[in-house]
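Q: Modelling step: build the complete structure from the supplied sequences, incorporating the hints.
So the sequences go chain by chain: A and B. Going by the working numbering, the residue at position 173 of the first sequence is 167; the numbering climbs one at a time, nothing skipped. Going by the working numbering, the residue at position 232 of the second sequence is 226; the numbering climbs one at a time, nothing skipped.
Keep in mind the hints are simulated off the structure, nothing from the lab. From a predicted model like this one, the values you see are computed outputs, not experimental measurements. Honestly, I wouldn't trust all of these hints.
Note that identical chains are pooled: a pair holds if it fits in a single copy or bridges any two copies.
In silico lysine-lysine, BS3-like type, Cα no more than 27 Å apart, as pairs [said to hold, decoys possible]:
id, residue 1, residue 2
1, K79, K132
2, K50, K16
3, K170, K39
4, K16, K132
5, K172, K155
6, K39, K(-2)
7, K155, K170
8, K132, K102
9, K39, K61
10, K79, K102
11, K155, K17
12, K50, K155
13, K102, K(-2)
14, K17, K(-2)
15, K155, K61
16, K172, K132
17, K132, K17
18, K132, K170
19, K61, K17
20, K170, K79
21, K16, K39
22, K172, K16
23, K61, K172
24, K79, K172
The residues making up each chain are set out below.
There are 2 protein chains.
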Amino acid sequence: MSLKHALLGFINYGPMTGYELKKFFDTSVAHFWNAELSQIYPALKQLEGDSLVEMKVEVQEDRPNRKVYSITEPGRRELIAWLAKPAEREQVREPILIKVFFGSSLSKQDLISVLQNCADETRTAVTYLEHAHQFVDKFVEAIGLQQEALFWQLTIDCGLKVHRAELEWSEDAIQKVKAADDSIFENEQHGYDGVNDVRSAMEALDRVKSLMPGALAGADKYLPSAQGKPDQQARVPTRTRAAAR
Amino acid sequence: MSLKHALLGFINYGPMTGYELKKFFDTSVAHFWNAELSQIYPALKQLEGDSLVEMKVEVQEDRPNRKVYSITEPGRRELIAWLAKPAEREQVREPILIKVFFGSSLSKQDLISVLQNCADETRTAVTYLEHAHQFVDKFVEAIGLQQEALFWQLTIDCGLKVHRAELEWSEDAIQKVKAADDSIFENEQHGYDGVNDVRSAMEALDRVKSLMPGALAGADKYLPSAQGKPDQQARVPTRTRAAAR
DNA sequence: AGACTCATGTAATTCGTTACATGATTCC
DNA sequence: GGAATCATGTAACGAATTACATGAGTCT
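A: Below, the structure written as structure tokens:
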């Protein structure tokens, strides 16, 4: 679980409270990780239960008491062990791509609007990250932690490259959609009973798979969902489903 | 919720069962959406409850009965309305970037290994998507659905661009880490009580924010977590915390 | 007066994964 | 004989979001 380790990482900078952790999240790793206070507080309790952090109550008169968490030796060891392990890949989920995938059901104009909106939002993200770069420069100078700059900037570099690629794609996609023949849009969906069609599509799928042996072999490595499953052999079914028609 | 609409999208191609839907997911949108059968079956029930799809049991002797779902008119309307709406942005979560962000706690070699692993996995993903491109070409030809090719290929284009950008970044990052001074690694963390340090860092944060008015103004638009919240004014606190030391 | 800061949480709900359960048939 | 295909699910768990709750103090 990444959240707990991210918390450990921040607490390793110095003892702090849940409230402060939230602030650090929002101003430093917000572009690749978010955490709500309602998630941070229970997570801290669990870390404490596992003896990875220690808590001290700091009594305040004018304000609510603070619970200051500091890292323990086992906590530091756990953090470093986790950091050195290969990173898990999260399953990608892109609603925009679902919309594009089923784009033939939309009018050309509606699809372009959806893509335009995506491009605009991505552009905002890129602008944000460009500022973030300068922000980090000034911040590390202000607190004298120049040795952290490389690592922090690298995370921004990643976001910038990826978002610029996405922006490029969406602008490109708009051009391709504009250039496309009108006939492929607002696809009238056929009302037939479909059993034959879906089954024959499935057979075609199997046939193409067998024509491209190993073509999709990367899937089980690439997709987190298929990890560990053996490389299954694609083949044409012997009992042809056409007999059922 | 995207899953239900993705299911609607597939069922709109023609009536099919949950089991078949899973196959379509795995061979066509797996690179940007995954769904387990245990999630698909209840989702179909809900869609049926909302009258967006209809179910017919197809009795089979040699195999378990099939529940074939077909889309209804309200279902088609709901699908098209959803497709035309601007796409939600999912919160990005990148464990690899957490590791890089706290990279100063690792040895140079350990950080390079983590990045190397990331690069290798990303390369596999790129190769997979390159094959997927050809796969779609052959498949649309086999079933005579050339009019869908553009939309399907666009989703692969997006994955390719984004993953190539990520690959470029990770190779770049490896070079930068290799070139970095050894002294910035295996950062010995200070055991002091930290209250002053974290608080002064927080003050520095506020100061830099006020030096760059509007620099991080994009955050609330860019980050899904902060959407809708008003553009808050960054300012230097008047009651200086230094008094508390 | 109203909003925001500081500071803590709990509860409900959604979304998704993993594990468990069944059972005939068919492939190697 | 063992694995996989076909075909349906349920149950438990984990991660994350949203809503709710409290309450003094400070800023505009």
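Q: None of the hints should be skipped; say for each whether it holds.
A: A quick look at each hint next to the structure:
In this homomeric assembly, K79 and K132 never come within 27 Å of each other (Cα to Cα): the closest approach is 31 Å inside a single copy and 39 Å across copies. Within a single copy, K50 and K16 get their C-alpha atoms as close as 18 Å, which meets the 27 Å cut-off; across copies the closest is 50 Å, which misses it. Neither within a single protomer nor between protomers do K170 and K39 lie at most 27 Å apart by alpha-carbon distance, with minima of 52 Å and 37 Å respectively. When the C-alpha separation of K16 and K132 is checked against a cutoff of 27 Å, the pair qualifies only within one copy, where the shortest distance is 21 Å, while the shortest distance between copies is 50 Å.
With identical chains, the CA atoms of K172 and K155 are at most 27 Å apart both within one copy (26 Å) and between copies (20 Å). Taking the closest pair of Cα atoms, K39 and K(-2) come within 27 Å of each other only inside a single copy of the chain (10 Å); across copies the shortest separation is 36 Å, beyond that limit. For the homomeric pair K155 and K170, the shortest alpha-carbon distances inside one copy (22 Å) and between copies (15 Å) are both at most 27 Å. In this assembly of identical chains, the alpha carbons of K132 and K102 lie at most 27 Å apart only when taken from different copies (25 Å versus 46 Å within one copy).
Taking the closest pair of Cα atoms, K39 and K61 come within 27 Å of each other only inside a single copy of the chain (11 Å); across copies the shortest separation is 46 Å, beyond that limit. With identical chains, the CA atoms of K79 and K102 are at most 27 Å apart between copies only, with a shortest distance of 14 Å across copies and 46 Å within one. Proximity of K155 and K17 under a CA criterion of 27 Å is satisfied intra-copy only: 25 Å inside one chain copy versus 33 Å between copies. When the C-alpha separation of K50 and K155 is checked against a cutoff of 27 Å, the pair qualifies neither within a copy, at 42 Å, nor between copies, at 48 Å.
In this assembly of identical chains, the alpha carbons of K102 and K(-2) lie at most 27 Å apart only when taken from different copies (23 Å versus 45 Å within one copy). Proximity of K17 to K(-2) under the C-alpha cut-off of 27 Å is restricted to the intra-copy arrangement: shortest distance 16 Å within a copy versus 35 Å between copies. For the homomeric pair K155 and K61, neither the shortest alpha-carbon distance inside one copy (39 Å) nor that between copies (45 Å) is at most 27 Å. With identical chains, the CA atoms of K172 and K132 are at most 27 Å apart between copies only, with a shortest distance of 24 Å across copies and 43 Å within one.
For a Cα distance limit of 27 Å, the shortest separation of K132 from K17 inside one copy, 18 Å, qualifies, whereas the shortest one across copies, 51 Å, does not. For a Cα distance limit of 27 Å, the shortest separation of K132 from K170 across copies, 20 Å, qualifies, whereas the shortest one inside one copy, 41 Å, does not. Taking CA atoms no more than 27 Å apart as the test, K61 paired with K17 passes inside one copy only; the shortest distance there is 15 Å, against 50 Å between copies. When the C-alpha separation of K170 and K79 is checked against a cutoff of 27 Å, the pair qualifies only between copies, where the shortest distance is 20 Å, while the shortest distance within a copy is 41 Å.
For the homomeric pair K16 and K39, the shortest alpha-carbon distance inside one copy (15 Å) is at most 27 Å, but the shortest distance between copies (39 Å) is not. In this homomeric assembly, K172 and K16 never come within 27 Å of each other (Cα to Cα): the closest approach is 44 Å inside a single copy and 32 Å across copies. Taking the closest pair of Cα atoms, K61 and K172 never come within 27 Å of each other, the shortest separation being 57 Å inside a single copy and 39 Å across copies. Proximity of K79 to K172 under the C-alpha cut-off of 27 Å is restricted to the inter-copy arrangement: shortest distance 19 Å between copies versus 46 Å within a copy.
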